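A.B. asks: If you read the protein sequences in the order shown, they are chains A and B. The numbering of the first sequence is my numbering, which starts it at 1 and goes up by one. The numbering of the second sequence is my numbering, which starts it at 1 and goes up by one.
These aren't lab readings, by the way, just hints derived from the structure by calculation. It cannot be assumed that every hint is accurate.
What the hints assert, rightly or not - Pair by pair, the computed Cβ-Cβ distance ranges are:
hint, chain 1, residue 1, chain 2, residue 2, range
1, B, 143, A, 72, 56 to 62 Å
2, A, 30, B, 300, 20 to 26 Å
3, B, 336, A, 76, 31 to 37 Å
4, B, 367, A, 82, 50 to 56 Å
5, A, 82, B, 241, 54 to 60 Å
6, B, 201, A, 82, 54 to 60 Å
7, B, 174, A, 88, 37 to 43 Å
8, B, 23, A, 306, 54 to 60 Å
9, A, 387, B, 19, 49 to 55 Å
10, B, 19, A, 205, 53 to 59 Å
11, B, 146, A, 72, 57 to 63 Å
12, A, 11, B, 80, 51 to 57 Å
As the list claims (entries may be wrong) - Computed list of chain A residues with no C-beta within reach of chain B, every gap over 12 Å:
hint, residue
13, 29
14, 79
15, 311
Treat the numbers as computed from the prediction; the structure is a model and nothing was measured. From the three backbone atoms N, C-alpha and C, an ideal C-beta is built for every residue, glycine too.
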Amino acid sequence: MSEKKSAKAKRLKTAGKLGKLMEDYYTESAVVKAEKKPVAWLTSVAPVEVCYALDVFPLYPENYATMCSARKLSAEFCAEAEAKGFSPDLCSYALNSFGSIYLDKGPFMGKGLPEPDMLIATEHACLSMAKWWEVLARHYNVPLYVVDAALPIDEEVTSYQVKYFADQLRELVAFVEEHSGNKFDMDRFKEVLGYSDEASKLFTEVADLRKTIPSPVTPVEIFTNMFPLVTLAGKRESTEFYREFRDEIKALAEKKVPAVPNEKYRLLWDLFPVWYNLRLFSYMEEKGGVVVADVYATAFGGRIDISRPFEGLAERYVANPILTSGVPNLTELYKRLVKEFSVDGVVFHSNRSCRMASMGQYDIKQGIFDDLGVPGAIFETDFIDPRTYSDEQVKDTLDSLFEILEARK
Amino acid sequence: MIADFQEKYSNRHQIAGQWKKDGKKVFGYFCGYVPEELISAAGIIPVRVLGSLDTVSLADAHLQTFICAFARSCLDQGLKGVYDYLDGIVISKTCDITRKMLGIWAKNINIPFTAFIGAPSKRTESARDCLTEEFRDLRSKLEEFTGKKIDDDSINRSIEIYNNSRQLLNELYEMKKADNPPLSGSEFYQIVKTGFVTPKEEYNEMLSALKAKLASSKPSGDGKVRLMVSGSTFEDVNVLKMIEDVGGNVVADDLCIGSRYFRDLTQPASDPIRALADRYQMRITCPCKHPSDERLYRLIEEVKEYRVQGVISIVQKYCDTHLFEYPYMRDMLQKNDIPFLYLETEDRMGEEGQFKTRVQAFLEMMG
């Protein structure tokens with residue numbers, strides 16, 4: 001998320017606003033801590049709306065890891081965690097987080113994240129999150145609540161699975177009340193849910209505007225602009241930001257202003273960006289390859305039925321198609337995206353830190369090719385730890401995809 | 001006697017092939033969180049899908065190198081047709097890899113029936129309510145597949161058979177508390193593994209006969225260093241033989257293919273589905289579940305009960321949940337002055353040879 005300085009991001013008026021939102025957020029976290037107001041650390045795809053409704057400041061070690069990576073700190077942090085006995089095979093977001101804590105270093109004011117007063121984790125995006133949060137709970141000796149999920153795969157989410165998650169959301173409210181001393185208010189909660197739902201709706205609209213040929217928005221703009229969706233879900237500022245972002249991109253789409261001047265090949269991206277090398281997108285763009293679809297950014301959103309606040313929020317988190325799909329449904333989802341976004345080729349980032357998300361890519365790639373004749377390429381790296389990254393190998397893989405695409409034009 | 005168990009395990013695929021010829025249905029399951037009792041009550045023989053020491057050739061086209069050897073080997077066996085006798089597979093939500101395996105199997109291997117249990121992690125009442133519903137769904141799916149109702153009586157009978165089986169294994173395990181345990185570690189874990197692939201009624205008879213025989217037999221394992229093995233699963237019991245060869249004996253375990261599988265029995269209740277849900281949600285936890293501290297507390301307790309002199313951790317490379325807990329476990333053992341050796345396995349043929357010097361040094365260090 002460091003590319004706000006790049007020429008591409010500055011193309012948009014909203015780019016400056018994003019920088020301001022991020023800066024304000026981290027400045028506020030330090031102020032909140034200094035005033036001894038409660039701070040919670042959350043995993044991604046955790047119900048942050050409960051924190052905002054109860055005036056608890058949420059911090060995200062995962063989002064923080066992407067920033068450490070962009071500032072070239074992750075290699076040092078991961079190595080520190082490994083020296084303490086954590087396997088180098090573990091998720092580098094987690095290793096980065098441990099290393100930053102042990103060294104008390106980070107991209108903001110030179111220190112690590114403000115310490116948590118409570119910890120909130122989900123585990124339906126991956127089990128490692130709960131394990132990682134257990135380590136944090138022991139380290140800081142603060143209370144931990146894990147919102148567990150009974151999760152299907154390649155089947156519809158059932159009513160009892162939603163109920164189980166919703167029951168825990170109610171427990172989570174009691175947990176946050178207890179450890180913050182703040183009182184829950186249903187009207188305030190609904191207001192927060194309203195902002196969160198609206199932000200998600202607006203962001204999805206932007207993502208969908210990429211169906212326009214040429215695409216009015218770059219992948220770097222999409223990935224960096226995810227920040228408020230993750231960290232500020234439920235804040236008015238975040239929703240306002242997305243409205244402006246949507247309006248700006250919509251205007252560009254209507255005027256058919258290309259985000260990238262020579263859009264030749266429209267690409268689908270799976271899944272994580274390479275956070276220390278967002279320039280890979282520019283590399284592809286120089287060759288006319290523009291990422292116009294992905295399932296990563298929108299995986300953080302989802303609509304909320306506010307008339308049933310707890311069940312509605314539970315459905316949003318549990319019935320997330322990315323997290324409830326295996327190879328068969330993901331293949332169908334990607335095929336649908338290929339058609340709707342007029343995709344010419346698929347780029348798969350096989351991320352050694354996320355076995356869960358990367359597993360199945362070989363079969364999905366084959367499935368898309370067999371059914372639609374659309375080719376794909378898979379390169380392997382780590383999403384934040386650059387120690388094993390080989391620029392040459394990655395570019396070779398991308399080049400061979402462009403050769404195939406070129407031959408077809 | 002142990003040879004019978006060994007033989008059944010070695011010939012498991014041929015034996016299952018014969019069941020099929022006899023008109024029986026066979027299902028595969030992937031870990032100790034699948035309620036075999038229900039599958040068995042449906043008149044289907046459940047067998048645990050396990051890896052093999054064969055060189056992996058076909059799975060590499062489907063899985064990245066950073067997926068554990070267990071998942072890789074199982075899939076490879078499936079792709080090679082070793083499991084062609086399976087009429088179905090059932091997977092429960094434990095690790096992310098096992099969960100995602102379902103779709104890769106479904107796409108590439110012809111299996112008429114698949115079911116996934118979206119099992120919760122926690123042990124709260126609400127989690128048990130949820131698992132009860134998951135199990136009811138599985139029951140309906142099994143009924144639909146066989147075309148026959150599964151009544152409560154047949155589930156109760158199945159629970160009783162499985163309880164007997166687990167009870168017998170607990171009794172054998174208990175014998176390992178003796179100064180000179182009548183079964184070595186490699187023998188015991190061979191016996192447990194045979195149970196995964198043998199119909200339980202037949203297996204229970206084998207266990208009862210073995211128990212009677214052991215009561216009158218001379219104990220083995222004299223003067224060996226008493227060890228515990230901790231981890232998930234490993235294919236090669238030769239690792240345990242190697243430990244015995246260099247002067248150790250595994251008398252206790254914290255393994256997915258060991259006591260974590262058989263420790264807990266199902267408590268009878270008026271609703272057998274609820275009884276099963278309680279059993280599976282309250283059983284000793286796998287590190288995939290939260291909170292998982294209890295597993296480690298019990299490990300320390302058992303070290304005392306079984307007078308264990310050292311713990312050897314055999315962890316599958318790339319097994320995230322075990323790896324996350326390793327530093328905590330190491331610190332906990334250190335605090336309790338329990339010697340500890342960490343080995344990472346990739347389930348390769350002959351791997352025990354590479355571990356041998358490290359185990360020797362570990363045993364020497366303990367004097």
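A.B. asks: Next, verify each hint and record whether it holds.
C.D. replies: The hints, checked one at a time:
1. In this structure the supplied range 56 to 62 Å holds for residue 143 of chain B paired with residue 72 of chain A, their Cβ-Cβ distance being about 58 Å.
2. For the hinted restraint 20 to 26 Å between residue 30 of chain A and residue 300 of chain B, the CB-CB distance of approximately 41 Å leaves it violated.
3. Between residue 336 of chain B and residue 76 of chain A the Cβ separation comes to about 33 Å, which falls inside the hinted range of 31 to 37 Å.
4. Between residue 367 of chain B and residue 82 of chain A the beta carbon distance is about 31 Å. The supplied range of 50 to 56 Å is therefore violated.
5. Separation of residue 82 of chain A from residue 241 of chain B is about 33 Å and departs from the stated range, judged on CB atoms against 54 to 60 Å.
6. For the hinted restraint 54 to 60 Å between residue 201 of chain B and residue 82 of chain A, the CB-CB distance of approximately 49 Å leaves it violated.
7. Distance hint for residue 174 of chain B and residue 88 of chain A: a CB-CB separation of about 40 Å, consistent with the stated range 37 to 43 Å.
8. Distance hint for residue 23 of chain B and residue 306 of chain A: a CB-CB separation of about 55 Å, consistent with the stated range 54 to 60 Å.
9. Here the CB-CB span from residue 387 of chain A to residue 19 of chain B is close to 51 Å, well matched to the stated 49 to 55 Å.
10. The hinted range of 53 to 59 Å is satisfied by residue 19 of chain B and residue 205 of chain A, whose Cβ atoms lie roughly 56 Å apart.
11. Residue 146 of chain B and residue 72 of chain A have their C-beta atoms about 59 Å apart, which keeps the hinted 57 to 63 Å range intact.
12. In this structure, residue 11 of chain A and residue 80 of chain B meet the distance hint of 51 to 57 Å, their C-beta atoms being roughly 53 Å apart.
13. The beta carbon of residue 29 of chain A sits about 26 Å from the closest Cβ of chain B, which is more than 12 Å, so the claim that it is off the interface holds.
14. Look at residue 79 of chain A: its CB is around 15 Å from the nearest CB on chain B, clear of 12 Å, so calling it non-interface holds up.
15. For residue 311 of chain A, the condition that its CB be more than 12 Å from all CB atoms of chain B holds, with the nearest at approximately 14 Å.
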